[in-house]
Amino acid sequence: MRKCASGCYVQSHIRTMGVIHLTRSTCPFSPSLSPQTCPLLSLLSLLASRCYSHGKQETDEEFDARWVTYFNKADIDAWELRKGMNTLIGYDLVPEPKIIEAALRACRRLNDLASAIRILEAVKDKAGPHKDIYPYVIQELRPTLNELGISTPEELGIDKV
1 MRKCASGCYV QSHIRTMGVI HLTRSTCPFS PSLSPQTCPL LSLLSLLASR CYSHGKQETD
61 EEFDARWVTY FNKADIDAWE LRKGMNTLIG YDLVPEPKII EAALRACRRL NDLASAIRIL
121 EAVKDKAGPH KDIYPYVIQE LRPTLNELGI STPEELGIDK V
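Every letter in the sequence shown is one number past the one before it in full-length UniProt numbering, and letter 95, counting from 1, is 95.
Keep in mind the hints are simulated off the structure, nothing from the lab. Misleading hints may appear alongside valid ones.
[What the hints assert, rightly or not] Straight-line distance between alpha carbons at most 20 Å, and here's what the computed SDA-like set of lysine to any residue pairs gives:
no.: 1; residue 1: 98; residue 2: 112
no.: 2; residue 1: 98; residue 2: 55
no.: 3; residue 1: 124; residue 2: 135
[To be verified] Quick list of simulated restraints, FRET-style, between CB atoms:
no.: 4; residue 1: 157; residue 2: 60; range: 31 to 37 Å
no.: 5; residue 1: 160; residue 2: 59; range: 37 to 43 Å
no.: 6; residue 1: 83; residue 2: 132; range: 28 to 34 Å
no.: 7; residue 1: 158; residue 2: 111; range: 18 to 24 Å
no.: 8; residue 1: 77; residue 2: 129; range: 30 to 36 Å
no.: 9; residue 1: 139; residue 2: 56; range: 31 to 37 Å
A virtual CB, placed ideally from N, CA and C, is assigned to each residue, including glycine.
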């Protein structure tokens with residue numbers, strides 16, 4: 001419960017992402033008070049609207065370029081590679097082959113074959129029931145995989161475990 005300057009108590013709770021949801025939109029003691037007249041209600045409604053508003057939408061090309069740039073950093077370390085892949089896999093999408101290629105090249109710079117294979121496994125998992133996506137990604141990555149000497153999970157026989 002929070003009390004505003006006019007004596008109104010407002011119940012609110014904050015969710016994990018910081019979005020404020022009002023459970024009472026008028027003053028319990030004076031129903032005539034609204035978010036426009038009650039300072040606390042107006043502040044909470046302003047914060048709630050700010051949390052729901054969206055800024056500039058990133059295009060697909062900008063998204064791809066941002067992740068390719070991230071993985072192409074010359075000084076990327078193993079933690080940054082894993083953090084980037086965890087974030088990327090958390091999105092509701094299958095990464096483009098050029099992003100995966102940049103991540104595989106980062107694995108090669110770090111001499112981390114296990115992470116490279118995990119990336120390919122994660123891409124296969126993200127493709128889900130769409131059986132044509134993973135073969136397309138592997139087809140697009142085949143020159144890079146051959147150049148870097150990376151075998152797919154299927155070639156290693158670990159896809160059946």
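Hints not upheld, ascending by number: Checked against the structure, the only hint that fails is number 2, while the rest are satisfied.
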